[in-house]
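Top to bottom, those sequences are chains R and D. Quick note on numbering: our numbering labels position 28 of the first sequence as 56, and the sequence is numbered without any gaps. Quick note on numbering: our numbering labels position 266 of the second sequence as 294, and the sequence is numbered without any gaps.
Worth flagging that the hints you see were computed from the coordinates, not collected in a lab. Heads up, some of the hints might be wrong.
The list treats identical chains as one, so a pair stands whether inside a single copy or across any two.
List of simulated lysine to aspartate or glutamate pairs, DMTMM-like, C-alpha gap at most 20 Å [said to hold, decoys possible]:
hint, residue 1, residue 2
1, 218, 256
2, 367, 53
3, 294, 356
4, 206, 361
5, 294, 70
6, 294, 185
7, 294, 401
8, 206, 162
9, 79, 236
10, 218, 75
11, 218, 71
12, 367, 71
13, 218, 68
Protein chains: 2
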Amino acid sequence: MAPADDLADEPLTLQGVRDAWVAYDEDDRVAAFRGLPRPDAEDLFLELPAKDQATLVGALPPPERRSWVRLLAPDDAADLVQQVPPTERAAWIALLDETTQKDVAGLLAFAEDDAGGLMHPRYVRLRPDLSVDEAISYLRRASRDRVGTSYYAYVLDADSVLLGVVSVRELFASSPEKRVRDVMRTDVVKADETMDQEALATLFRTHDLVAVPVVDASGRMKGVVTFDDIGDVLVEEATEDIQKIGGTEALDAPYLRTPLWQMVRKRAGWLAALFVGELFTASAMSRFEDEIRAATVLSLFIPLIISSGGNSGSQATTLVIRAMALGEVTLRDWWRVVKRELASGLALGAILAPIGVLRIFLWQRLHLADYTEHYMLVAATVGIAVVGVVTWGTLAGSMLPFVLRRMRLDPASASAPFVATLVDVSGLVIYFEVAAAILTGTLL
Amino acid sequence: MAPADDLADEPLTLQGVRDAWVAYDEDDRVAAFRGLPRPDAEDLFLELPAKDQATLVGALPPPERRSWVRLLAPDDAADLVQQVPPTERAAWIALLDETTQKDVAGLLAFAEDDAGGLMHPRYVRLRPDLSVDEAISYLRRASRDRVGTSYYAYVLDADSVLLGVVSVRELFASSPEKRVRDVMRTDVVKADETMDQEALATLFRTHDLVAVPVVDASGRMKGVVTFDDIGDVLVEEATEDIQKIGGTEALDAPYLRTPLWQMVRKRAGWLAALFVGELFTASAMSRFEDEIRAATVLSLFIPLIISSGGNSGSQATTLVIRAMALGEVTLRDWWRVVKRELASGLALGAILAPIGVLRIFLWQRLHLADYTEHYMLVAATVGIAVVGVVTWGTLAGSMLPFVLRRMRLDPASASAPFVATLVDVSGLVIYFEVAAAILTGTLL
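Make the full structure from the sequences, and use the hints.
Listed below in structure tokens is the structure:
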């Protein structure tokens, strides 16, 4: 889009760089970053994902790095450090001030996908016996010094056990002489430090919260996760699911930034597995080679029949995967889903079959095709096979996510192509069995 | 799960009702709602989507409705009113206090999916000439009276034009004698009232904001959208895209709550369209009926060939759809995508083809199948066709979202099944053309 040599010619604006960012390659990015006035470059830097931040700072000479790394809040600094090769991490952590170094070291102990890995270690702590007025002036001082969030203040006892929470707004709205203990809420929505990020996101969404405190097993407060990290989690999880449903491994970077060979690798694995699965269709077809030789007309409808099963299976599996991800459907709902999908499958088959039958009749009568003198039997075979294959595809597609989750695998792996491949083999068997039942004695 | 008659037997808890909510039918929900102590019922009510809120309040006798509707902030009240049949709306609006009635009437003028439809009409307004201390005490009073958000205060001139924004935290951190005009930020991230919710969500994510002010064309402030509405937007948009990618219309309600006939209707439309599209495979096959009769062995690999195209097309389309939804790929990137996908498709085809060729060789040599004396030529046909079909499928799948967006349709409609169907017909043509080129004179 705008290669590095163009950059020198046009004056850079923050908005221009933002818009073109995704299209830039690494050299463009470094050049643009350095070309911006420092305040703009800082704004840009703070907006970028940790991976890009690491690239930009890494491209600077070591003496210039410190002021950039120190711009970051501890949780963001920890994310950045995780983007650096393990052997270089100590040198990067050393760039931080001492307090932040400890925070970052603590954060790096958590998996990136846990509540512990998302949390911010600094927050406003209050003692329960402070008066509201004292609390407000403390908050006022604290907000001058801290990077952390201060939408809420957390009330802790001497052992750091979380007793309650009070929002800045609630403090404002209370009489100044009351105690914090009297105005705090004690039914605090909190997260265990090992809670995974998907469950955490659901917690935020259900309760419409700006921040959730993270506690350890004994109720001691460890940090705060804020809403801005959760928006990213929601989008990330949805992207992963969508990519899996499309039949590829989740990418680690935006589409255009993923190196070609890495993208091919992420796609080839599944594609090869599906191809091997699909080889069974050749075996299934071999079993029916005599039938095909006797009645070539049967082969004409093979793509139609198997794709009907694949399509209805894709629909069912996608609906169930998403419902599971949103917590609308759980493992114990499997029987309700079976009943729904059996009914849906039969209804959908009953809608499609007449279209196929009508088409065979019409083309035959209009002399657009020749489906043999027994075309009415051929039409009946196709109609019945469609109902069978669609019902079976729907049922198999809806059950596969349950099987995967039961085996503790990700239900989103029940991708549309996976289900289609699974249903192709069985679809052929259904089709030729129906054909044998109806056409033996005439075409077969 | 827990039918209505069970509800009477066990004492209800808020958490219990929350967990079982999705599984309850409407009667269970009303019974559970009424069975909870009032404070718990209120907590539950405030967590629910507008549709459920409307159902619950609608089930109450009219005199009991007012206190429930008045629990809601104006934007949520407006959402609830939109769930009620148009003829009843006036009666519901009349339940609100007069100020909120005006707010709700104003909000109902916007489409639900626009910034205007998501916004909250109440927020803290400051004049630029107030001192910081005056502003803080004004905020303190305001937060006692208002339902609205007060993370930020908005600085407006006499015509309500937005001049700047200042966070509560920034006010705290400033010297008390300064003027608001001196501490406010003027580079405000704001949304036009007609901005659609997807663009708005991107704005929130890029800037990590708690709230975004909404302005009209002349810069006058109309309201505020807060982060809690955006989490829901992100999830909603992802769900819609996932369902479309799976080849069904987006559902209006959770999977298990969607009536069966409605679900069949949402799925049947696309499925029937795909089925009609797939009927062209029967026509394509007719063209090659002589070839199949002459060399039945060719028919054995039809499902394998067309599914390889469908699967690689599904991958490509899904990756591009998601990248477009996240703004990583725009219309003008089409040529870069063509180059990437052409290279990816060739690479993927080159990985799959040897698997197919090897399989044919092995089975023939091990006498597991008989692919005729010309099995080496058959293997060559399959191998070359796989490369061609996979490359074509990948390219077609990646371009379809661009074509749809260019036509101002939703790129997510380029579902995996749609691409598979599109590629099936062309896949057959590629396969039989390759066969004709290689096998004429031997098998054909």
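Now the hints, each set against the structure:
1. Taking the shortest Cα distances, residue 218 and residue 256 sit within 20 Å of each other both inside one copy (17 Å) and across copies (17 Å).
2. For the homomeric pair residue 367 and residue 53, the shortest alpha-carbon distance between copies (16 Å) is at most 20 Å, but the shortest distance inside one copy (52 Å) is not.
3. With identical chains, the CA atoms of residue 294 and residue 356 are at most 20 Å apart between copies only, with a shortest distance of 19 Å across copies and 30 Å within one.
4. In this assembly of identical chains, the alpha carbons of residue 206 and residue 361 never lie at most 20 Å apart, being 49 Å within a copy and 60 Å across copies at closest.
5. In this homomeric assembly, residue 294 and residue 70 never come within 20 Å of each other (Cα to Cα): the closest approach is 34 Å inside a single copy and 48 Å across copies.
6. Neither within a single protomer nor between protomers do residue 294 and residue 185 lie at most 20 Å apart by alpha-carbon distance, with minima of 50 Å and 55 Å respectively.
7. Proximity of residue 294 and residue 401 under a CA criterion of 20 Å is satisfied in neither setting, with 50 Å inside one chain copy and 38 Å between copies.
8. Only within a single protomer do residue 206 and residue 162 lie at most 20 Å apart by alpha-carbon distance; the minimum there is 10 Å, versus 22 Å between protomers.
9. Taking CA atoms no more than 20 Å apart as the test, residue 79 paired with residue 236 passes between copies only; the shortest distance there is 17 Å, against 29 Å inside one copy.
10. Within a single copy, residue 218 and residue 75 get their C-alpha atoms only as close as 27 Å, which misses the 20 Å cut-off; across copies the closest is 16 Å, which meets it.
11. Taking the closest pair of Cα atoms, residue 218 and residue 71 come within 20 Å of each other only across two copies (16 Å); inside a single copy the shortest separation is 31 Å, beyond that limit.
12. Taking the closest pair of Cα atoms, residue 367 and residue 71 never come within 20 Å of each other, the shortest separation being 54 Å inside a single copy and 33 Å across copies.
13. Only between protomers do residue 218 and residue 68 lie at most 20 Å apart by alpha-carbon distance; the minimum there is 18 Å, versus 37 Å within a single protomer.
Going down the numbered hints, you'll see the structure goes against 4, 5, 6, 7, 12, while the others check out.
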